[in-house]
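Student: Protein chains in written order, with UniProt numbering: chain A, 1 to 199; chain B, 1 to 940.
To be clear, the hints were calculated from the coordinates, so they are not data collected in a lab.
Okay, the calculated bits of chain B under chain A, using three or more residues with CB under 8 Å as the criterion: (1) 68-80; (2) 170-178; (3) 509-518; (4) 549-560; (5) 668-677; (6) 821-827.
Subject to a maximum C-alpha distance of 30 Å in a straight line, what follows is the list of computed BS3-like cross-link-like pairs (lysine-lysine): (7) B:LYS18 / B:LYS133; (8) B:LYS361 / B:LYS336; (9) B:LYS149 / B:LYS225; (10) B:LYS149 / B:LYS18; (11) B:LYS181 / A:LYS192; (12) A:LYS192 / B:LYS133.
Values in this document were obtained by computation on a predicted structure and should not be read as measured data. Just so it is clear, CB atoms sit at the ideal spot from N, CA and C, and this is done for glycine as well.
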Amino acid sequence: MSELTLTLLRLGLLALLWIFIFSVVGVLRTDIYGTAVSRRGQRKALKQAEKQDRQRSAPRTPVPAAAGAGAAGAAGAAGAAGAAGAPQPVGRKGRGRGKGTPTTLVVTEGPLAGTSLPLRSGGILIGRNPECALVLDDDYASGRHCRIYPDPSGRDGWAVEDLGSTNGTFIGRDRLTGSRPVEVGTTLRIGKTVLELRG
Amino acid sequence: MAIALRYAARSDLGLGPKSRNEDSGYAGPNLLVLADGMGGHAAGDVASSMIVGELAPLDEEDVTADQAIPLLEEALHSANAKLTKAMRENSELAGMGSTTIVMLRTGNKLAMAHIGDSRAFMLRGDTFSQITKDHSFVQQLIDEGRISKEDAGHHPQRSVVTRVMTGQPDDEPDTSLREAKIGDRFLMCSDGLSDFVGADVIEEILREARTPDEAADRCIEIALKASTRDNVTVIVAEVVDADGDDLPTTVPQVVGAAGKRMRGRTRAIPTSPAEKAAALSREATGRAEPDDDAPELAEDGKRSRRSKIVLRTIGVLVVAAILGGGGYAAWAWSQKQFFVAADAGHIAIFRGVSQDLGPIKLSHVESPVRRTRLRPADRRPGLRRQHDPGPRHRRRRDQGVGPARRGPALPTPRRDRHAVRHVAGAHADPDDAPHLAVPDVTHPVAVAVDARPEHLEHEAARRRRVRRPPRGGGGVTTTVEPLTPRTRRGAELLLLVLAIAIVLLAWVTTDLNRNGTVPANIIPVAGGFTLLTLGVHLVLRWKAAYADPVLLPITTVLNGLGLVMIHRLDLARGKLGTDGDAYRQLIWTTLAVVLAVAVLFVLRDHRLLRRYTFVTMAAGFVLLLLPLVPGIGRTINGSQIWISIGPLNFQPGEFAKIALAIFFAGYLVQTRDVLSLAGKKVLGFTFPRGRDLGPILVAWVLALLVLVFQKDLGSALLFFGLFVAMLYVATERVSWIAIGLLLFAVAVTFALSAFTHFQKRVDLWLDPFSADNLERSNQLANGLWGMASGGLTGTGLGAGRPYLTSFAESDFIFPALGEELGLFGSVAIIVLYLLFCERGIRTALGVRDGFGKLLAIGLAFSVAFQLFIVIGGVTRVIPLTGLTTPFMSLGGSSLLANWVIMALLLRISDQARRPMPEIPVGVAADDPSPAEVTQVVRLP
Numbered sequence: 001m002s003e004l005t006l007t008l009l010r011l012g013l014l015a016l017l018w019i020f021i022f023s024v025v026g027v028l029r030t031d032i033y034g035t036a037v038s039r040r041g042q043r044k045a046l047k048q049a050e051k052q053d054r055q056r057s058a059p060r061t062p063v064p065a066a067a068g069a070g071a072a073g074a075a076g077a078a079g080a081a082g083a084a085g086a087p088q089p090v091g092r093k094g095r096g097r098g099k100g101t102p103t104t105l106v107v108t109e110g111p112l113a114g115t116s117l118p119l120r121s122g123g124i125l126i127g128r129n130p131e132c133a134l135v136l137d138d139d140y141a142s143g144r145h146c147r148i149y150p151d152p153s154g155r156d157g158w159a160v161e162d163l164g165s166t167n168g169t170f171i172g173r174d175r176l177t178g179s180r181p182v183e184v185g186t187t188l189r190i191g192k193t194v195l196e197l198r199g
Numbered sequence: 001m002a003i004a005l006r007y008a009a010r011s012d013l014g015l016g017p018k019s020r021n022e023d024s025g026y027a028g029p030n031l032l033v034l035a036d037g038m039g040g041h042a043a044g045d046v047a048s049s050m051i052v053g054e055l056a057p058l059d060e061e062d063v064t065a066d067q068a069i070p071l072l073e074e075a076l077h078s079a080n081a082k083l084t085k086a087m088r089e090n091s092e093l094a095g096m097g098s099t100t101i102v103m104l105r106t107g108n109k110l111a112m113a114h115i116g117d118s119r120a121f122m123l124r125g126d127t128f129s130q131i132t133k134d135h136s137f138v139q140q141l142i143d144e145g146r147i148s149k150e151d152a153g154h155h156p157q158r159s160v161v162t163r164v165m166t167g168q169p170d171d172e173p174d175t176s177l178r179e180a181k182i183g184d185r186f187l188m189c190s191d192g193l194s195d196f197v198g199a200d201v202i203e204e205i206l207r208e209a210r211t212p213d214e215a216a217d218r219c220i221e222i223a224l225k226a227s228t229r230d231n232v233t234v235i236v237a238e239v240v241d242a243d244g245d246d247l248p249t250t251v252p253q254v255v256g257a258a259g260k261r262m263r264g265r266t267r268a269i270p271t272s273p274a275e276k277a278a279a280l281s282r283e284a285t286g287r288a289e290p291d292d293d294a295p296e297l298a299e300d301g302k303r304s305r306r307s308k309i310v311l312r313t314i315g316v317l318v319v320a321a322i323l324g325g326g327g328y329a330a331w332a333w334s335q336k337q338f339f340v341a342a343d344a345g346h347i348a349i350f351r352g353v354s355q356d357l358g359p360i361k362l363s364h365v366e367s368p369v370r371r372t373r374l375r376p377a378d379r380r381p382g383l384r385r386q387h388d389p390g391p392r393h394r395r396r397r398d399q400g401v402g403p404a405r406r407g408p409a410l411p412t413p414r415r416d417r418h419a420v421r422h423v424a425g426a427h428a429d430p431d432d433a434p435h436l437a438v439p440d441v442t443h444p445v446a447v448a449v450d451a452r453p454e455h456l457e458h459e460a461a462r463r464r465r466v467r468r469p470p471r472g473g474g475g476v477t478t479t480v481e482p483l484t485p486r487t488r489r490g491a492e493l494l495l496l497v498l499a500i501a502i503v504l505l506a507w508v509t510t511d512l513n514r515n516g517t518v519p520a521n522i523i524p525v526a527g528g529f530t531l532l533t534l535g536v537h538l539v540l541r542w543k544a545a546y547a548d549p550v551l552l553p554i555t556t557v558l559n560g561l562g563l564v565m566i567h568r569l570d571l572a573r574g575k576l577g578t579d580g581d582a583y584r585q586l587i588w589t590t591l592a593v594v595l596a597v598a599v600l601f602v603l604r605d606h607r608l609l610r611r612y613t614f615v616t617m618a619a620g621f622v623l624l625l626l627p628l629v630p631g632i633g634r635t636i637n638g639s640q641i642w643i644s645i646g647p648l649n650f651q652p653g654e655f656a657k658i659a660l661a662i663f664f665a666g667y668l669v670q671t672r673d674v675l676s677l678a679g680k681k682v683l684g685f686t687f688p689r690g691r692d693l694g695p696i697l698v699a700w701v702l703a704l705l706v707l708v709f710q711k712d713l714g715s716a717l718l719f720f721g722l723f724v725a726m727l728y729v730a731t732e733r734v735s736w737i738a739i740g741l742l743l744f745a746v747a748v749t750f751a752l753s754a755f756t757h758f759q760k761r762v763d764l765w766l767d768p769f770s771a772d773n774l775e776r777s778n779q780l781a782n783g784l785w786g787m788a789s790g791g792l793t794g795t796g797l798g799a800g801r802p803y804l805t806s807f808a809e810s811d812f813i814f815p816a817l818g819e820e821l822g823l824f825g826s827v828a829i830i831v832l833y834l835l836f837c838e839r840g841i842r843t844a845l846g847v848r849d850g851f852g853k854l855l856a857i858g859l860a861f862s863v864a865f866q867l868f869i870v871i872g873g874v875t876r877v878i879p880l881t882g883l884t885t886p887f888m889s890l891g892g893s894s895l896l897a898n899w900v901i902m903a904l905l906l907r908i909s910d911q912a913r914r915p916m917p918e919i920p921v922g923v924a925a926d927d928p929s930p931a932e933v934t935q936v937v938r939l940p
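Sequences and hints are given; from them, build the entire structure.
Tutor: Right under this line is the structure:
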């Protein structure tokens with residue numbers, strides 16, 4: 001075989017390899033699947049609007065849990081949680097153990113472990129009834145077991161109130177009677193479920 | 001217990017005066033949304049579809065449990081902001097709003113957000129309950145005890161809502177969390193159902209229907225029977241066992257304003273005059289509006305398809321013209337060249353260049369008349385060839401024909417068999433060849449190929465994605481639509497043909513370079529290889545029509561190039577025919593393909609693997625530790641990672657990789673909610689809780705065991721890396737990677753101090769060219785020299801010396817290919833692997849179940865990481881550890897395992913790309929008995 005043929009074969013092979021790669025990429029370019037969200041009409045205007053929207057909402061972090069925990073670590077750093085888009089203003093250093101104001105309720109044990117609920121001014125109702133915000137499927141939980149609500153005594157504190165549950169709500173080892181203010185790090189136990197307040 | 005949702009969404013215009021459906025519904029495997037739009041002129045559909053459009057992406061995200069509610073709130077916030085913006089921009093939309101109920105499933109937890117007066121119900125066991133509380137005036141009156149529930153249905157202001165998504169910042173939804181249990185049924189409906197049909201009827205339907213589809217159809221039917229005046233939308237979901245036999249589809253259903261097919265489907269025959277009028281007016285107002293302004297690719301349009309064909313033809317013609325023109329110009333140029341060579345014992349002047357292109361000769365004797373007879377006396381011994389052109393040329397020369405050797409000795413080195421010299425046009429110098437009569441050659445040497453590629457611009461224009469301009473500027477509804485990809489099996493076939501062509505060309509080049517002949521057995525072997533790969537293609541058409549179209553072609557190229565390289569090394573080492581490694585590798589390839597096909601046949605849904613989570617765990621660990629069992633364990637090349645049973649040597653670690661990926665996926669999808677719980681925060685990282693460190697420590701200890709007892713850093717690293725990567729993907733916590741790296745650092749420090757074996761590796765890595773190290777092992781140095789000598793375009797397959805490196809056919813196959821294909825070739829190979837892994841990750845993004853996502857990521861990552869360890873090792877990025885190059889290296893276990901990985905990815909991607917089965921349009925034909933109807937109707 002002549003040198004020329006071999007050279008052409010050698011380069012041809014490389015060319016073919018790259019042609020193959022570009023064909024693969026070409027196939028992938030048109031391989032669109034998933035769920036498409038599109039708008040009918042006025043597409044241009046909407047695109048621009050979306051762009052502005054994105055710029056505006058960019059600083060918001062979608063993970064308040066992580067950011068919130070950050071605030072707890074930074075010794076009650078005020079404003080950190082606020083910047084993370086948490087709805088409750090964190091205006092002062094916490095009281096009691098000085099851990100700050102909670103913003104989320106995290107389930108650390110029980111069937112719902114791993115979930116979290118942001119604290120809302122409307123309060124969180126916990127119990128077995130289907131209309132509760134945290135529905136516990138637990139024989140030791142009452143229909144309306146307890147609730148966590150903004151502490152009427154303090155401006156931005158939270159309190160937990162037992163709603164006359166049969167088996168009780170426990171903070172540490174103490175059974176809760178009536179209502180009591182809570183702060184970051186407070187753990188509540190209801191039946192098999194353990195809840196923790198996080199900043 | 002793992003759960004999945006079986007769901008159905010239905011929507012209908014209802015019998016009222018509304019000419020368009022203002023409801024939107026979305027039901028997917030992780031997300032159920034119902035939005036009931038209202039207000040303004042043609043604005044309710046805008047609002048509800050916007051909300052569904054904003055929420056729908058959550059379905060594919062596979063969120064962790066602690067983020068479910070925050071993400072829902074976030075998405076609703078931004079949907080609300082969009083409503084505000086839309087209303088500001090278009091005054092026609094002012095006053096629009098929408099109720100929303102959304103449920104997001106993470107594992108077995110259901111997060112729900114709700115605003116407005118649409119309702120959600122749950123049936124668990126015997127209890128049927130409403131799990132939402134209307135945000136309505138009437139509900140408020142009930143709460144305050146001013147009216148009874150019974151009165152509520154007749155209250156004149158029952159349609160007054162107190163809280164709804166209207167674009168105001170204070171539209172806060174209620175959120176709740178609950179556990180889903182197998183057998184639970186959920187139903188979400190707009191007030192088109194709940195205002196006209198009593199809760200007891202809904203309960204009965206939900207309880208008695210066999211499937212969600214049936215329940216949803218029945219609800220719509222009953223609502224129409226009850227002459228609902230409003231749009232009706234129903235979403236029904238049932239919680240089923242994810243490990244059960246009958247797995248639900250994961251393709252989302254979108255109905256109502258957000259659906260692509262917007263037209264409502266009312267089939268009840270209008271009976272009252274009002275209904276008839278409504279139906280007529282609907283027809284008159286053109287509710288059959290064409291639904292054709294959805295975005296589309298230029299490729300999809302009818303007109304553009306024609307222009308595409310035209311452009312493509314032009315492109316092909318331009319390319320053909322350039323190739324033809326260039327070829328002609330090159331030929332024309334060559335015919336203006338002259339050279340002197342021997343021809344049958346005569347010196348003759350040839351026209352052309354002294355090369356031939358395969359069978360085509362590029363030269364002919366120009367002046368047969370003026371041949372000069374060669375006389376022995378003309379030989380001048382003093383002018384013998386001085387230059388040694390290397391072994392290949394020497395061989396050629398030896399094979400060369402007589403006349404060339406007897407030809408006049410010329411002073412300059414020659415590169416071809418004829419060993420003659422070009423006489424280029426006027427430069428012919430008579431002094432160099434005194435015995436020649438030089439013809440009068442004065443043709444100027446001129447080559448001018450003007451090949452400015454105009455076609456590139458055509459190409460660019462063709463590839464530009466063209467969207468059809470939207471028609472009309474009416475309501476800005478959002479469509480949410482599960483895209484149905486084409487199967488692309490045709491594209492796969494074309495790519496496969498190209499892939500086979502590459503492999504055959506590589507093989508032919510190798511043999512031409514080594515032996516100067518085309519391989520004798522090319523037809524049977526090439527035919528077999530083609531049949532094999534085309535067989536897989538056909539099986540895919542049959543069994544997994546929507547599987548990814550590029551995985552098989554890429555695998556074919558990689559496997560084929562590996563085969564060619566092994567064959568090339570066989571040739572260099574004189575192992576021929578059935579003695580050769582290539583022969584064995586070919587048999588293994590066949591077996592691997594058969595195994596892959598078997599996987600595709602047996603495994604009809606990847607979710608079935610989830611059942612074997614713990615079986616695969618046991619299998620994985622056993623396989624990983626099997627080489628340690630005395631008797632069957634073998635130590636080869638210092639690593640005890642082999643077992644041999646009878647004549648078979650096997651590397652079980654390759655299969656452990658797959659088993660562990662399945663196990664990790666099944667395990668992590670269950671436990672990740674706990675594993676992602678935040679603990680302490682150190683140095684800006686939120687670390688997991690101490691008690692959750694168990695699994696990673698177990699994985700680490702196992703990896704250490706492998707490292708210590710099998711002395712195989714590669715497998716240990718691969719195994720541990722796989723776990724950490726999947727843990728990170730499952731929990732979205734970077735801190736796991738930090739912890740993993742920390743543990744890795746500890747292990748490396750320990751290994752460095754404990755094993756001389758390991759120290760040597762590191763030493764070799766740091767300085768492979770030192771005299772000591774070359775003495776010990778010149779493998780790495782040889783590989784590097786080989787790649788360096790390959791340069792940009794390589795020596796050509798068969799023309800380099802990769803056989804000088806030990807293990808060139810397994811661990812060092814990449815440097816071997818790098819030497820002979822050059823930088824261009826080796827980068828192409830890396831890009832092919834990159835594309836392979838990208839497809840795995842794309843599949844993970846596309847598939848809608850958490851297990852499938854994790855499994856696809858795990859498999860793709862294991863290939864990518866293994867490749868990093870191997871190529872990193874041979875290119876001296878990291879210390880060398882013995883792992884095989886997927887698909888290429890010699891070795892049966894590796895080939896089998898990697899083809900199985902590919903089969904699994906194909907299966908998962910088939911699931912990810914498969915479109916939904918058509919939603920049955922039309923209510924079940926059988927009319928319910930009249931008694932049933934009278935029983936359920938509750939007129940307003």
